[in-house]
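Student: The task is simple: from the sequences and hints, build the whole structure.
What follows is each chain in one-letter form.
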Amino acid sequence: MQPPASASSALLADQRVRRKSIISLTPLIDVVFILLVFFMLASSFMDWQTLSLDTATPDKTAVSEIEPFIIQVDGDDLSLKGKAQPVDAIVAAARQREPATQTINLQAVGQTTVQQMVRVLDTMSKAGITPLRMIDDPEWQAETAKGIEVAE
Amino acid sequence: MHFPDRRPDQSEERILPLINVVFLLLIFFMIAGSLQVTEPFEVTPPNSSSTGEHEPDSLTIIMGGNNRFALNNALIDRATLLTTVEQQVASQPDIAITLKADNALPANQLVLFTQALNERGLTKLRLLTTDLAP
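Chains as they are written, first to last, in this note's numbering: chain A, 4 to 155; chain B, 64 to 197.
Derived by calculation from the structure, the hints in this document are not laboratory data. Please note that a few of the clues may not be correct.
Computed far set for chain A versus chain B, every beta-carbon distance over 10 Å [what the hints assert, rightly or not]:
| hint | residue |
| --- | --- |
| 1 | Lys84 |
| 2 | Pro102 |
| 3 | Gln105 |
| 4 | Ile132 |
Label pairs and their computed distance ranges (CB to CB) [what the hints assert, rightly or not]:
| hint | chain 1 | residue 1 | chain 2 | residue 2 | range |
| --- | --- | --- | --- | --- | --- |
| 5 | A | Met43 | B | Ser112 | 25 to 35 Å |
| 6 | A | Ala95 | B | Val84 | 48 to 58 Å |
| 7 | B | Pro103 | A | Val90 | 34 to 44 Å |
| 8 | B | Gln99 | A | Thr104 | 34 to 44 Å |
| 9 | B | Asn83 | A | Ala45 | 14 to 24 Å |
| 10 | A | Ala96 | B | Val84 | 56 to 66 Å |
| 11 | B | Leu81 | A | Ser55 | 44 to 54 Å |
| 12 | B | Ile90 | A | Thr106 | 48 to 58 Å |
| 13 | A | Asp57 | B | Pro119 | 18 to 28 Å |
| 14 | B | Glu182 | A | Glu101 | 26 to 36 Å |
| 15 | B | Thr101 | A | Gly131 | 36 to 46 Å |
| 16 | B | Thr143 | A | Glu101 | 42 to 52 Å |
So the derived list for chain B, only partly shown, Cβ under 7 Å to chain A, looks like this [unchecked claim]:
| hint | residue |
| --- | --- |
| 17 | Ile78 |
| 18 | Val85 |
| 19 | Leu88 |
| 20 | Gln99 |
| 21 | Pro109 |
| 22 | Ser113 |
| 23 | Asn166 |
| 24 | Ala167 |
| 25 | Pro169 |
| 26 | Leu173 |
| 27 | Leu175 |
| 28 | Leu190 |
Ideal Cβ placement from N, Cα and C applies to all residues, glycine included.
Tutor: Rendered as structure tokens:
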């Protein structure tokens with residue numbers, strides 16, 4: 004057992020002499036690993052996008068002879084003038100509206116979630132239908148307390 | 064007989080590829096990742112195929128369930144938030160605000176909130192969304 008011990012101590016001494024001239028690698032690796040772990044844990048790779056919202060409140064004072072174009076969004080179902088219709092039919096109706104610059108109002112009915120509304124907004128803007136606006140459901144207020152529970 | 068002589072050199076040399084890889088990973092995470100800011104409560108933004116670029120606005124509002132609001136990552140109540148927005152809009156009329164709303168919120172709550180912001184003079188509001196997940 005004597006020869007290996009002396010050999011290893013000689014080896015260590017040899018290493019120390021050698022390492023005096025260059026930077027020792029082990030502390031460097033320690034630091035680099037710590038940095039690596041920090042950046043791995045702290046960074047996020049979320050791909051953020053934005054959707055411009057038309058915040059304008061519906062004009063209640065201006066009386067227009069044109070009937071407002073309202074699409075009601077109830078969960079995943081869409082309806083136009085109170086009649087449930089498939090998405091394609093709604094898109095087609097929106098394309099043929101008169102005048103073509105008329106704002107399309109998307110009305111969220113009841114507990115329709117933000118995600119469901121965004122999906123409809125996406126479908127409409129993909130079909131090239133603009134301008135779009137979200138409007139509220141006047142009857143929703145009464146359900147506010149329930150709505151908050153659902154959201155949680 | 065050659066082993067004792069070679070070992071110190073080899074052990075250092077063997078570590079070099081490892082350091083190379085670790086450095087590459089480190090640089091990748093430093094450049095590709097953006098540092099995450101801790102938010103006061105968790106919010107899952109809606110998925111969307113919208114392509115609007117996300118450039119950080121000076122004001123970011125987070126809207127979560129249970130009527131919780133945060134302005135620039137600090138908890139705030141709705142009334143104070145609206146007053147702050149009103150003051151900001153008064154000093155900078157073309158200010159844009161990023162809104163991060165939870166996808167499970169009732170859309171009516173979002174609509175009423177955007178209308179409240181509009182009544183305070185805000186014209187540019189951007190809803191934060193994420194890429195369409197499969």
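Student: All the hints need checking, so say for each whether the structure fits it.
Tutor: Here is what the structure says about each hint:
1. Taking the minimum C-beta to C-beta distance to chain B, about 20 Å, the non-interface status of lysine 84 of chain A holds against the 10 Å cut.
2. The beta carbon of proline 102 of chain A sits about 24 Å from the closest Cβ of chain B, which is more than 10 Å, so the claim that it is off the interface holds.
3. In this structure glutamine 105 of chain A is separated from chain B by more than 10 Å, as the shortest Cβ-Cβ distance comes to about 19 Å.
4. Every CB of chain B is more than 10 Å from the CB of isoleucine 132 of chain A (nearest about 14 Å), matching its label as outside the interface.
5. The given range of 25 to 35 Å is respected by methionine 43 of chain A and serine 112 of chain B, whose C-beta atoms sit roughly 29 Å from each other.
6. Between alanine 95 of chain A and valine 84 of chain B, the C-beta spacing of about 56 Å keeps the proposed range 48 to 58 Å intact.
7. At roughly 37 Å, the beta carbons of proline 103 of chain B and valine 90 of chain A sit within the given window of 34 to 44 Å.
8. As the Cβ distance of glutamine 99 of chain B to threonine 104 of chain A is approximately 42 Å, the hint placing it in 34 to 44 Å holds.
9. For the hinted restraint 14 to 24 Å between asparagine 83 of chain B and alanine 45 of chain A, the CB-CB distance of approximately 23 Å keeps it satisfied.
10. Checked against the given bound of 56 to 66 Å, the beta carbons of alanine 96 of chain A and valine 84 of chain B, roughly 58 Å apart, stay inside it.
11. Under the hint 44 to 54 Å, the C-beta atoms of leucine 81 of chain B and serine 55 of chain A, about 48 Å apart, fit the expected range.
12. Between isoleucine 90 of chain B and threonine 106 of chain A the beta carbon distance is about 49 Å. The supplied range of 48 to 58 Å therefore holds.
13. Taken as a hint, the range 18 to 28 Å holds for the pair aspartate 57 of chain A and proline 119 of chain B, whose Cβ atoms sit roughly 22 Å apart.
14. Here the CB-CB span from glutamate 182 of chain B to glutamate 101 of chain A is close to 31 Å, well matched to the stated 26 to 36 Å.
15. Our hint of 36 to 46 Å for threonine 101 of chain B and glycine 131 of chain A holds, since their Cβ atoms are close to 40 Å apart.
16. Between threonine 143 of chain B and glutamate 101 of chain A the Cβ separation comes to about 45 Å, which falls inside the hinted range of 42 to 52 Å.
17. With a cut of 7 Å, the hint placing isoleucine 78 of chain B at the interface with chain A holds, because the nearest CB-to-CB distance is about 6 Å.
18. A distance limit of 7 Å between C-beta atoms decides the matter here; for valine 85 of chain B the minimum to chain A is near 5 Å, and the interface restraint holds.
19. Restraint check, leucine 88 of chain B versus chain A: the minimum CB separation of about 6 Å is within 7 Å; hint holds.
20. The closest approach between the C-beta of glutamine 99 of chain B and any C-beta of chain A is roughly 4 Å, which is under the 7 Å cut-off, so the hint is satisfied.
21. Contact between proline 109 of chain B and chain A, as hinted, is supported at the beta carbon level, the nearest pair being about 4 Å apart and thus within 7 Å.
22. At about 5 Å, the closest approach between the beta carbon of serine 113 of chain B and any beta carbon in chain A falls short of 7 Å, and the interface hint on this residue holds.
23. Residue-level restraint check for asparagine 166 of chain B holds (minimum Cβ-Cβ distance to chain A is 4 Å; threshold 7 Å).
24. Because the closest C-beta pair between alanine 167 of chain B and chain A is about 5 Å apart, less than 7 Å, the hint holds.
25. Checking proline 169 of chain B against chain A by beta carbon gives a least distance of about 4 Å; that is within 7 Å, so the hint holds.
26. Against a cut-off of 7 Å between C-beta atoms, the interface hint on leucine 173 of chain B holds, since the closest Cβ of chain A lies about 5 Å away.
27. Hint status for leucine 175 of chain B relative to chain A: holds, with the closest Cβ pair at about 5 Å, below 7 Å.
28. Given hint, leucine 190 of chain B at the interface with chain A, holds; its Cβ is 4 Å from that chain's nearest Cβ, closer than 7 Å.
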